[in-house]
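Trainee: The listed protein sequences derive, respectively, from chains A and B.
The numbering used here numbers the first residue of the first sequence as 24 and each following residue consecutively.
The numbering used here numbers the first residue of the second sequence as 159 and each following residue consecutively.
Don't read these hints as lab results, they were simulated from the structure.
Bear in mind that the values here come from a model prediction, so they are computed numbers and not experimental data.
Just to be clear, a hint being listed does not mean it is correct.
Derived Cβ-Cβ restraints for the label pairs, each shown as a range [said to hold, decoys possible]:
no., chain 1, residue 1, chain 2, residue 2, range
1, A, 166, B, 299, 15 to 25 Å
2, A, 240, B, 258, 23 to 33 Å
3, A, 200, B, 193, 38 to 48 Å
4, B, 256, A, 159, 21 to 31 Å
Each residue gets a CB set at the ideal place from its N, CA and C atoms; glycine is no exception.
Listed here are the chains, written in short residue letters.
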Amino acid sequence: MASPKYTIPGTAQPFAPVSAADASPIFDATAGVVNGVRTVNQVLAQSQAGAVMDELERDLIGLAPIKMRIRDIAALLVIDKLRTDLGLAAAAPSLHMSFTGNPGTGKTTVALRMAEILHRLGYVRKGHLVAVTRDDLVGQYIGHTAPKTKEVVKKAMGGVLFIDEAYYLYRPENERDYGQEAIEILLQVMENQRDDLVVILAGYKDRMDTFFRSNPGMSSRIAHHLDFPDYPQSDLLRIAERMLQQQNYQFGPGAREAFEQYIGYRIGQEHFANARSVRNALDRARLRQASRLFADRDREYTAEDLTTIAEPDIRASRVFQIAAAHKPE
Amino acid sequence: MITNPAGRITQGQFSFLPDLTDAEIALQVEYGLNKGYAWSVEYTDDPHPRNTYWEMFGMPMFDLRDAAGVMLELQNCRRTFPRHYIRLMAFDSTRGVESIAMSFMVNRPQHEPGFGLVRQESRGRSIRYTIHSYATDAPEGERDGD
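Full structure from sequences and hints, please.
Mentor: Now the structure itself:
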């Protein structure tokens, strides 16, 4: 095709989809360094990588290995930019990830943040997150799966495709299951459209391991296997305080200690789901606080009354009774 | 409109310009997506100007955020129908508008044979004129364009 004799406004350079490239100098191999970006600080000043890292540190409690990995990814972007300025070509890194961990360890929360982080770091163009499960990918009859999966993939382009409980895609007990077809399409997209979208698979550790064992192609296309550790007790307490703060509540005198004790008991009991259990416990405490205030109909409440979770609100929990019943005599 | 110096069909936007490159197409698609349009891919091998309804290549793509999805579908269509006319259409679903807001050709046959003038004698020795596309002389699916 002959090169056009006109220019479209906004296309000084050949279509460069990466949004971070907007801020970066137009690279010219013959000219060498264009505007002399040579140090990490200069690049940080241009991009938002530094702000992203600070924000992550502030907003997410615990999760040290996850933060470490995100910091690595951000660092790679900065170094890549320095390399490009010196004419050293680098292929875009593969950013597909798998999040494994126990319930309530923050897999979904981090995935939501990850879309925004990758966008601000300039790895994805739009930075939206499309969260799907097996139902959204796998069809109900022959020939239904491929269009369905492709539609989801197209919607996720320019952002992050988050597949929750990904192991359900593969059902070894049924060899005619359509999940395999969805997996094959995903594999193809993960390989060929690496610049267009980032796929994040999430699920519980043991079942994801089984899933990857039976789909080695999937495992090898995922560059980052992130394992979310269980939160220690101290982190759970900080999470609780953060949650209360976000909802305009606070612990009353003694309530914080009571909740600390609550977490200690709750960890040992069954169906413990880390931060999710904490959130549920706080929700129930709010209910108890509400009925406590409701009982006193003629009293005028101050803002402090309405925002304070008192010690009895937490002590009333069944967890304490169960713990007391099981206490060795 | 039908005859022009380049001997090419001119329908829709940009059809008097040289063919858009993929990068330019992606920019147009991006523009439409920012306006909230839903893109779809259509193809035909009958270039008659009154042939308004082309075949749909897959469903219209709603809820897309990035041009890459549309471009992927366009490449699929080009692979399947390399010698057909292919166009992209943007549907504006705004209440009260609900119609095609953009439409342009993104693929055309190597050789476009053009149109002939057909004269039909009718009552009272009057003549009716119509145009006939040479491309449609061959049956559908066998119109190779060369």
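Trainee: Run through the hints listed earlier and report the numbers of any the structure violates, in increasing order.
Mentor: 2
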